[in-house]
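Taken in order, these protein sequences are the chains called A and R.
All residue numbers in the first sequence are consecutive under my numbering, ending with 118.
All residue numbers in the second sequence are consecutive under my numbering, ending with 114.
Please note: incorrect hints may appear among the correct ones.
[Said to hold, decoys possible] Derived list of chain R stretches under chain A, where covered just means 3 residues or more per stretch with a C-beta under 8 Å from a C-beta of chain A:
| # | stretch |
| --- | --- |
| 1 | 36-45 |
| 2 | 78-86 |
| 3 | 98-112 |
[As the list claims (entries may be wrong)] With a straight-line Cα cutoff of 25 Å, these simulated DMTMM-like cross-link-like pairs (lysine to aspartate or glutamate) come out:
| # | chain 1 | residue 1 | chain 2 | residue 2 |
| --- | --- | --- | --- | --- |
| 4 | R | Lys42 | A | Glu15 |
| 5 | R | Lys11 | A | Asp45 |
| 6 | A | Lys117 | A | Glu64 |
| 7 | R | Lys55 | R | Glu86 |
| 8 | A | Lys69 | R | Glu5 |
| 9 | A | Lys69 | R | Asp87 |
| 10 | A | Lys105 | R | Glu5 |
| 11 | A | Lys63 | R | Asp98 |
| 12 | R | Lys21 | R | Glu60 |
| 13 | R | Lys43 | A | Glu51 |
| 14 | R | Lys38 | A | Glu64 |
| 15 | R | Lys40 | A | Asp8 |
| 16 | R | Lys40 | A | Glu51 |
| 17 | R | Lys40 | R | Glu5 |
| 18 | R | Lys42 | A | Asp45 |
Keep in mind that the hints were calculated from the coordinates and are not lab data.
Virtual Cβ for every residue (Gly too), placed ideally from N, Cα, C.
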Amino acid sequence: EDQVTQSPEALRLQEGESSSLNCSYTVSGLRGLFWYRQDPGKGPEFLFTLYSAGEEKEKERLKATLTKKESFLHITAPKPEDSATYLCAVQAGPSNTGKLIFGQGTTLQVKP
Amino acid sequence: DTEVTQTPKHLVMGMTNKKSLKCEQHMGHRAMYWYKQKAKKPPELMFVYSYEKLSINESVPSRFSPECPNSSLLNLHLHALQPEDSALYLCASSQDTPRAQYFGPGTRLTVL
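If we strip away everything but chain A, and leave its shape as in the complex, we get:
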């Protein structure tokens, strides 16, 4: 069964304290891995798509990387406005159905 697991569930950082969020996946035939940011009561905001092992994407203080078993979202020198829930999702399987399998998310709190 396809599965996506995110760790940790919650992370508290001081402003400027860099860290990484993990997304491990067990799927048959990865078609794409997606990172989203979600603020309370709002829809998920698309951050990155990764398609193959070794691929990296960057946006401001965020950098996403992908291996054959997991993805990391590195946050460099975070600011309080980076506080949110970060969701990882994968598309997998023999056909392009569009179905995303989400992890449970990591809730990040950055304190000033």
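Based on the hints, put chain R in the right spot on chain A.
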């Protein structure tokens, strides 16, 4: 422009009411989705429309009825809902089914 709009933002309805949620995108995307999200949980896929045809129904109860009038619009018709159907309902769209999905802000639904 990567905007998906949803109306209304909030909806309170009784169990005997009939209401509709609306979603619109003008990005030329050909795939559109409905998700349901409960508090502190990831979004759960309900329906996928690809090129205006229903391609996935994730065993959703018949009290939820999707409709795709054209490539830019997606509706979700609600009838005889239960209190446990209270949730954030998210619409998303993508260029095609294997591409990144862009989410709208959601409709907060409360069933009394």
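For each hint, the structure was consulted:
no., hint, verdict
1, 36-45, "holds (count 3)"
2, 78-86, "violated (count 0)"
3, 98-112, "holds (count 12)"
4, Lys42(R) <-> Glu15(A), "holds, 11 Å"
5, Lys11(R) <-> Asp45(A), "holds, 15 Å"
6, Lys117(A) <-> Glu64(A), "holds, 23 Å"
7, Lys55(R) <-> Glu86(R), "violated, 28 Å"
8, Lys69(A) <-> Glu5(R), "holds, 23 Å"
9, Lys69(A) <-> Asp87(R), "violated, 36 Å"
10, Lys105(A) <-> Glu5(R), "holds, 20 Å"
11, Lys63(A) <-> Asp98(R), "holds, 21 Å"
12, Lys21(R) <-> Glu60(R), "holds, 21 Å"
13, Lys43(R) <-> Glu51(A), "holds, 16 Å"
14, Lys38(R) <-> Glu64(A), "violated, 29 Å"
15, Lys40(R) <-> Asp8(A), "holds, 21 Å"
16, Lys40(R) <-> Glu51(A), "holds, 17 Å"
17, Lys40(R) <-> Glu5(R), "holds, 23 Å"
18, Lys42(R) <-> Asp45(A), "holds, 11 Å"
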